[in-house]
Amino acid sequence: MSLIEVEDLRVTFPKAGVEAVRGVSLSIAEGECVAIVGESGSGKSVTARTLVGLTGQGATVTASRFDVRGRDARRFGPRDWRRLRGRFAGLVLQDALVSLDPLRTVGAEIAEVLAAHDVVPRAGRTEKVLELLDAVGVPEPELRAAQYPHQLSGGLRQRALIASAIAADPPLLIADEPTTALDVTVQAQILRLLAARRAEGTALLMISHDLAVVSSIADRVLVMKDGVVVEEGPTNRVLSAPERDYTRLLLAAVPSAASRGTRLSAIATGGVSLRAPLPERRIDHGSPVVEARGLTAEYGRRRVVDDVSFEVHPGETVGIVGESGSGKTTVARLVMGLMKPVAGQVWLDGSPWSGLPERERRPRRSVIQVISQNPLDSFDPRYTVGRLVAEPLGGPWKSRAARVAELLERVGLPADLAGRHPRGLSGGQRQRVAIARALAPRPRVLVCDEPVSALDVSVQAQVLDLLGEIQAADGTALIFISHDLGVVHHISDRVVVMREGRVVEDGHVDEVFFLPKHEYTKELLGAVPKLATTL
Amino acid sequence: MSTLTLTRRRGLAAAGWIGPVVRRLGAGLVVLWVAATAAYVALLLVPGDTVDVLIADGVDTPQRRAQIITEWGLDRPIPHQYGDYLLRLLHGDLGRSYVLQRDVAEILSSQIWPTVRLALTAAAFGVVIALVLALTTAGRRSWTTGLAGFSELTAASIPPFLAGLLLLAVFSFTLGWFPVSGDRGFASLVLPALALGLQIAGALGQVLREGLERALEEPFAVTARSRGITEWRLVARHALRHALLPAVTLTGWFVGVLLGGAIVVEAVFGRPGLGQITLGAVTGKDMPVVMAVIMFAAAIYVTVSTLVDLAYLAIDPRLRRSR
Chain A
1 MSLIEVEDLR
11 VTFPKAGVEA
21 VRGVSLSIAE
31 GECVAIVGES
41 GSGKSVTART
51 LVGLTGQGAT
61 VTASRFDVRG
71 RDARRFGPRD
81 WRRLRGRFAG
91 LVLQDALVSL
101 DPLRTVGAEI
111 AEVLAAHDVV
121 PRAGRTEKVL
131 ELLDAVGVPE
141 PELRAAQYPH
151 QLSGGLRQRA
161 LIASAIAADP
171 PLLIADEPTT
181 ALDVTVQAQI
191 LRLLAARRAE
201 GTALLMISHD
211 LAVVSSIADR
221 VLVMKDGVVV
231 EEGPTNRVLS
241 APERDYTRLL
251 LAAVPSAASR
261 GTRLSAIATG
271 GVSLRAPLPE
281 RRIDHGSPVV
291 EARGLTAEYG
301 RRRVVDDVSF
311 EVHPGETVGI
321 VGESGSGKTT
331 VARLVMGLMK
341 PVAGQVWLDG
351 SPWSGLPERE
361 RRPRRSVIQV
371 ISQNPLDSFD
381 PRYTVGRLVA
391 EPLGGPWKSR
401 AARVAELLER
411 VGLPADLAGR
421 HPRGLSGGQR
431 QRVAIARALA
441 PRPRVLVCDE
451 PVSALDVSVQ
461 AQVLDLLGEI
471 QAADGTALIF
481 ISHDLGVVHH
491 ISDRVVVMRE
501 GRVVEDGHVD
511 EVFFLPKHEY
521 TKELLGAVPK
531 LATTL
Chain V
1 MSTLTLTRRR
11 GLAAAGWIGP
21 VVRRLGAGLV
31 VLWVAATAAY
41 VALLLVPGDT
51 VDVLIADGVD
61 TPQRRAQIIT
71 EWGLDRPIPH
81 QYGDYLLRLL
91 HGDLGRSYVL
101 QRDVAEILSS
111 QIWPTVRLAL
121 TAAAFGVVIA
131 LVLALTTAGR
141 RSWTTGLAGF
151 SELTAASIPP
161 FLAGLLLLAV
171 FSFTLGWFPV
181 SGDRGFASLV
191 LPALALGLQI
201 AGALGQVLRE
211 GLERALEEPF
221 AVTARSRGIT
231 EWRLVARHAL
241 RHALLPAVTL
251 TGWFVGVLLG
261 GAIVVEAVFG
271 RPGLGQITLG
281 AVTGKDMPVV
291 MAVIMFAAAI
301 YVTVSTLVDL
311 AYLAIDPRLR
321 RSR
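Protein chains in written order, with full-length UniProt numbering: chain A, 1 to 535; chain V, 1 to 323.
Only chain A is shown next, with the shape it has when bound in the complex (with noise of 0.2 Å):
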């Protein structure tokens, strides 16, 4: 017998006049592991939502069937939904550090669903949540099991979560988006530990953006856009041999080592064009225009950065990687002048950089700009784009506005946009925007800080497309953080592999990446999940 068999699903939720989901037949088996992909706004996570009855306030689901192991769902009440919940479906969200109560200890969100279902008598709770976390391969159970969430590192968090999930023993598993906020070794150990429970018997709902993680370890996958399941079949076939046109530009949307050169966005020529080639840039090998030596950065007295040097070409891109603490970030501080040094020195242009007071820093500071993750961060929310765009260009601010325009359009946005505010736009948008604004003064150096870590898959390819079609027409140089070495190997002529706020190793982003020197590389490289297509 399935386990859920759905027919027809439809959500849609009338105040807010939104269709989430149009649609969706989905069935689980016993033991079977499926797989919704898509973006954001496809309605993957509210569908997987629906099947445990958690849809939210003020949703109005319907069904054709809505079998919940042979028990129709449509009449169920809200009782009938809490007594599935946790022991007939347990559900691993994103992120524990905010998917468990930041004010509870671990043991005492584990034990809440020992008790909800009385699986084991009082006494024994504590033993049995020790048990629990033990089984997801937590060190050190009784320990953790006194802590607080943010007393714990991702991936414990993350086991954690899944131990609280799996306390009832459910035949089944939801898992949105278990390892997106995770490092990617990280990520490799929190798939592996689905993989076991799988192995064991229990069927896994994979909820993902990310076609790779879907890969290695389910047996279907649904692509899911706007509401509808645009594709359903094998893992194999749907990504060796996609059917439809999005199933195709999602996969050709994924940056990696074969992508190098090419689009990743489909541009119309007549048909759909995909992986048409990026223009060609030109690197000019001369005198570097970004050059850090032995760049070391303390915070109070942990030092986060550790005689790190590199240098970067007019029109080349370095790509920077490494995990989450590994000190990317304080080095684009120190690159950008916002941070000193404690030793080591940045040079720009050829002259001294770092070291100098502010006041003489300024003037230059239109050399070297930068895009960060979260653009909206960064810009001040009562401006509005035109003003944002137009803040870093001189002179009077009637006549900036043609050349906001002309910024605006060169990213691709429609001009009328300047008059709108950044909260109202879309991530794609606003990362555009963010590019838009680095652009303005006519920098020689771009530092992008996970510039499209936040973004859909589709979206980065167009933003990652910009930054190519920007390279190539300025000569601008890069320097690209990111912790994904998809992104990296796609778009980066060097890397650095950076660990503890040390370079581990650097060169050519093929001779690193195809033949990595370092056991850290190799393990990083190792843990990445592969995505088996053809495109």
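None of these hints come from the bench; they were simulated from the model.
Where hints are given, some of them may not hold.
What the hints assert, rightly or not - Restraint ranges, calculated between C-beta atoms of paired labels, are given here: (1) A:D307 - V:L87: 52 to 62 Å; (2) A:Q57 - V:T154: 47 to 57 Å; (3) A:Q57 - V:I158: 26 to 36 Å; (4) A:K340 - V:G19: 22 to 32 Å; (5) A:F76 - V:T154: 39 to 49 Å.
Stated by the list, open to error - Non-contacting residues of chain V with respect to chain A, defined by C-beta distances greater than 12 Å in every case (computed): (6) R23; (7) V46; (8) R117; (9) S188; (10) V222; (11) H238; (12) L245; (13) P317.
Think of the CB as a built atom: it goes at the ideal place given N, C-alpha and C, for glycine as much as any other residue.
Given chain A, work out where chain V should sit, using these hints.
Chain V only, in chain A's frame:
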């Protein structure tokens, strides 16, 4: 390892608490010193001879003038006077009211209890009403939530003296359920405490409900629901603690309402207490009593804000120093 360790960690917490407590007590002493100094400067700045100021409307005789000069050390240089004044305060000597012919400490201690009782009862009314309103209506989109929100807004907007008059009009004059004035038993406490507590209930209720509703939207609330717990348990075990954080922030304001409101409410209901004393001292320019009231208010604020800071630590483990 017992169940205790999963839910309570008093022992563990105690270790990290000594530092913050000591630091806040130190800061509290500084605040008290500043308040004492400010009161002293105010005394010196009042126009006229300091002896005249201190006597105010009291009986003015040469002996008394001489007594005041020795008590306050007015024949010595100002730094000396100030030092003596601080020393006297340290010994708990608040000076003497020449208007009332009694020691200030004695006046305060005889009148403190009615006010404390009124304030505590008002606070209890406020907190209980706010909790009941917020807990029963949070997260439910129905007309009751709207009604509760409206009543809270109204309650928060009505100043205590008006609330007092309205309560008197309805429950004493019309219905005759409660005495009009005086301080005889709990019945005489109900209306003044309500008059004072309604404003607190209104503001606190709004903050609590907003906090509860925000917490119920958080991802951890989805996770908690996915474990199959009841909505009531979700509110009680998870959301309430989150809602308490902003509510605790209100406590400072809350104490201000109680202290300031007590003066008015005691007058409206003809109750004895610090309010009456303060009112009398300010209108009669009885400086020693006014200075003591300033010190008293400062001491209350210091105590409350220390407790509030500690309450944050108790509620939110993220604020405790991580080990």
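Each hint, compared with the structure:
1. A:D307 - V:L87: 52 to 62 Å: 60 Å, holds
2. A:Q57 - V:T154: 47 to 57 Å: 27 Å, violated
3. A:Q57 - V:I158: 26 to 36 Å: At roughly 32 Å between Cβ atoms, I158 (chain V) and Q57 (chain A) fall inside 26 to 36 Å, so the hint holds.
4. A:K340 - V:G19: 22 to 32 Å: 31 Å, holds
5. A:F76 - V:T154: 39 to 49 Å: The hint (39 to 49 Å, Cβ to Cβ) holds, given that F76 (chain A) and T154 (chain V) are roughly 40 Å apart.
6. R23: 19 Å, holds
7. V46: 47 Å, holds
8. R117: 34 Å, holds
9. S188: Holds, because the least Cβ-Cβ distance between S188 (chain V) and chain A comes to about 41 Å, which exceeds 12 Å.
10. V222: 6 Å, violated
11. H238: The assertion about H238 (chain V) is violated, with a minimum of 5 Å to chain A.
12. L245: Since the minimum Cβ distance to chain A is about 9 Å, L245 (chain V) lies within 12 Å and the statement is violated.
13. P317: The claim is violated: P317 (chain V) sits with its nearest Cβ about 4 Å from chain A, within 12 Å.
Taken one by one, the earlier hints fail for this structure at numbers 2, 10, 11, 12, 13, listed in ascending order.
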